[in-house]
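Colleague: Same order as they appear, the protein sequences are chains V and Z. Going by our numbering, the first sequence opens with residue 1, and the numbers climb by one from there. Going by our numbering, the second sequence opens with residue 196, and the numbers climb by one from there.
Since the hints were made in silico from the structure, they are not lab data. One or more of the hints may lead you astray.
[Unchecked claim] With a cut-off of at most 27 angstroms between alpha-carbon atoms, the simulated DSSO-like pairs for lysine-lysine come out as follows:
#	chain 1	residue 1	chain 2	residue 2
1	V	K101	V	K34
2	Z	K327	Z	K289
3	Z	K307	V	K34
4	Z	K327	V	K156
5	V	K162	Z	K307
6	V	K167	V	K101
7	V	K34	Z	K244
8	V	K190	Z	K289
9	Z	K244	V	K162
10	V	K101	V	K115
11	V	K167	Z	K307
12	Z	K307	V	K25
13	Z	K307	V	K101
14	V	K186	Z	K307
15	V	K156	V	K190
16	Z	K235	V	K186
17	V	K167	Z	K244
18	V	K101	Z	K289
19	Z	K327	V	K101
20	Z	K307	Z	K244
21	V	K190	Z	K281
22	V	K34	V	K186
23	Z	K281	Z	K244
24	V	K34	Z	K289
25	Z	K327	Z	K307
26	Z	K307	V	K190
27	Z	K327	V	K34
[To be verified] Only part of the chain Z face toward chain V is listed, based on derived beta-carbon distances under 7 angstroms:
#	residue
28	S266
29	G267
30	S287
31	W306
32	P308
33	P324
34	T325
C-beta: ideal position from N, C-alpha, C; glycine also.
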Amino acid sequence: MKRSIRFYGLLPLAAAALLAAGCAKDVTRYGDSKSVETVTNEFGSTDLQTIAESMARSMQTAPVIVSGNLPILTVQEVRNRTSEYIDTRAITDSIRSELQKGGKVRFAVDQSGLKQQTGEIDRQQSGYYAREQSVERGQMVGAQYRMEGNITSIVKQVKDTKDVYYKFNLQLWNIRNGLLEWSDEKEIRKTTTRG
Amino acid sequence: MRYAWISAAVLATALGSGCATKKGFEVPGQAFGCPIGDQKIGSMEDLVKAKVVMEGSRTTVLPTEMRCSRSGDLLRIDANLNNDSKSVKRISYKFRWIDREGMRAWEEEAWKPLMVYDNSNLMVNTVAPTNKAADFRLVLRSME
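Okay, chain V solo, but in the shape it has when bound (with noise of 0.2 angstroms):
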């Protein structure tokens, strides 16, 4: 009897947390993908668009690429040096397109993409291919100078305050000679501080 009471006692609460639950619907929106974004202090979208657009257009200013008449750049790896996960392809990828569309350089196959260039190569070189209109082996052009960097972050973290600290730093390497054309670098200090 007892038992019962209990039991009846606590069907109303389980009714209401049903009910709550149904009416806390979840909403989906589309937002602008440029904004300023602070959901949390790891590395986000804003780090990641102020960084391309920095490293790019300061590189369309560098001499090698001002004088020169469309130099041929290669992209190799931008390591990642913090605590957190940053996809580094991701903004070298960015950097490349600002770069591509601004006109100034062009850019040759990397390392990530060879083994798809030289497959494509193999394959129209197979024998089923046409073959005045197939390409042939050792026309592909070299790049004149690689790109690569190093993204590092300090974080501090107290009781109710957390900072980090992002720098990039992106370099700009003669391929013939081992010098270094350009070479430049973007800070971002982020704050949490909770309450």
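Once you've looked at the hints, dock chain Z against the given chain V.
Modeller: Frame of chain V, contents of chain Z only:
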């Protein structure tokens, strides 16, 4: 008599060009190095008014000076932002690039956050992403 006329004409031309050098320090169609088209810009305030756009929440941080130059065939801009209040201000900004026909020369830039200390100036500078960008607007909004 003919020589007198020619000398007068030469003198007038020389005077005219002399005046033009003094008065027209700027290249026609430019003010402080910045492209202005056929707008009448007589002062730095006029230039700031013509080039700055406020979007969203208005900010009290305003450019006090703007100068442009060329880096190769790209437009280079320096804008001095001033916060004359007694508190730190947080704003975001972006540049909008316009081509010779008045169309957008580049896609919309990402908003870039900026912190300006109280009673301070901060220089913002950029280079046009493409040589098609003949003009620009500096877009500001408050992040407070």
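Colleague: If a hint holds in the structure, say so; if it doesn't, say that too.
Modeller: Checked hints:
1. At roughly 18 angstroms between alpha-carbon atoms, K101(V) and K34(V) fall within 27 angstroms of each other, so this suggested pair holds.
2. Between K327(Z) and K289(Z) the CA atoms are separated by roughly 18 angstroms; this keeps the pair inside 27 angstroms, and the hint holds.
3. Under the criterion of a C-alpha separation no larger than 27 angstroms, the hint pairing K307(Z) with K34(V) is consistent with the structure, at around 9 angstroms.
4. For the hint pairing K327(Z) with K156(V), the CA-to-CA distance comes to about 44 angstroms; that exceeds 27 angstroms, so the pair is violated.
5. Restraint check for K162(V) and K307(Z): satisfied, since their Cα atoms lie roughly 21 angstroms apart, inside the 27 angstroms limit.
6. Taking the CA atoms of K167(V) and K101(V), the gap is about 25 angstroms. The hint holds against a cut of 27 angstroms.
7. Between K34(V) and K244(Z) the alpha-carbon distance is near 25 angstroms, which keeps this suggested pair within the 27 angstroms criterion.
8. Only pairs whose Cα atoms come within 27 angstroms are accepted, and K190(V) paired with K289(Z) is accepted, the gap being roughly 19 angstroms.
9. Restraint check for K244(Z) and K162(V): the C-alpha separation of about 39 angstroms exceeds 27 angstroms, so the hint is violated.
10. For the proposed pair K101(V) and K115(V), the alpha carbon gap of about 25 angstroms is at most 27 angstroms, so the pair holds.
11. The straight-line distance between the Cα atoms of K167(V) and K307(Z) is roughly 16 angstroms, inside the 27 angstroms bound, and the hint therefore holds.
12. With a CA separation close to 33 angstroms, the supplied pair K307(Z) and K25(V) exceeds the 27 angstroms bound.
13. Distance hint between K307(Z) and K101(V) is fulfilled; the C-alpha atoms sit about 21 angstroms from each other, no more than 27 angstroms.
14. With a CA separation close to 13 angstroms, the supplied pair K186(V) and K307(Z) stays within the 27 angstroms bound.
15. A threshold of 27 angstroms between alpha carbons decides the hint, and for K156(V) with K190(V) the separation of about 11 angstroms falls inside it, so the pair holds.
16. Under the criterion of a C-alpha separation no larger than 27 angstroms, the hint pairing K235(Z) with K186(V) is inconsistent with the structure, at around 37 angstroms.
17. The suggested pairing of K167(V) with K244(Z) is violated, with an alpha-carbon distance near 35 angstroms, which exceeds 27 angstroms.
18. Of the pairs offered as hints, the one joining K101(V) and K289(Z) holds, with about 19 angstroms between alpha carbons and a cut-off of 27 angstroms not exceeded.
19. Among the hinted pairs, K327(Z) with K101(V) is consistent with the structure: their alpha-carbon atoms are about 11 angstroms apart, no more than 27 angstroms.
20. At roughly 21 angstroms between alpha-carbon atoms, K307(Z) and K244(Z) fall within 27 angstroms of each other, so this suggested pair holds.
21. Between K190(V) and K281(Z), the direct Cα distance comes to roughly 22 angstroms. Compliance with the 27 angstroms bound is thereby established for this hinted pair.
22. Our distance criterion of 27 angstroms between C-alpha atoms is met by K34(V) and K186(V), whose separation comes to about 18 angstroms.
23. A threshold of 27 angstroms between alpha carbons decides the hint, and for K281(Z) with K244(Z) the separation of about 24 angstroms falls inside it, so the pair holds.
24. Restraint check for K34(V) and K289(Z): the C-alpha separation of about 10 angstroms stays at or below 27 angstroms, so the hint holds.
25. The straight-line distance between the Cα atoms of K327(Z) and K307(Z) is roughly 23 angstroms, inside the 27 angstroms bound, and the hint therefore holds.
26. For the proposed pair K307(Z) and K190(V), the alpha carbon gap of about 13 angstroms is at most 27 angstroms, so the pair holds.
27. Proposed proximity of K327(Z) and K34(V) is supported: the alpha carbons are some 22 angstroms apart, at most 27 angstroms.
28. Hint on S266(Z) holds. Least Cβ distance to chain V is approximately 5 angstroms, under the 7 angstroms limit.
29. Interface hint status for G267(Z): upheld, as the beta-carbon distance to the closest one in chain V is roughly 4 angstroms, under 7 angstroms.
30. The beta carbon of S287(Z) comes within 5 angstroms of a beta carbon in chain V, closer than 7 angstroms, and the hint placing it at the interface holds.
31. Look at W306(Z): its Cβ gets to within about 5 angstroms of chain V, closer than 7 angstroms, so that hint holds up.
32. Taken as an interface hint, P308(Z) checks out: its beta carbon lies about 5 angstroms from the nearest beta carbon of chain V, inside 7 angstroms.
33. A hinted interface residue such as P324(Z) counts as satisfied when its beta carbon comes closer than 7 angstroms to some beta carbon of chain V; here the least separation is about 5 angstroms, so the hint holds.
34. The restraint placing T325(Z) at the interface with chain V holds, with a minimum CB-CB distance near 5 angstroms, inside the 7 angstroms limit.
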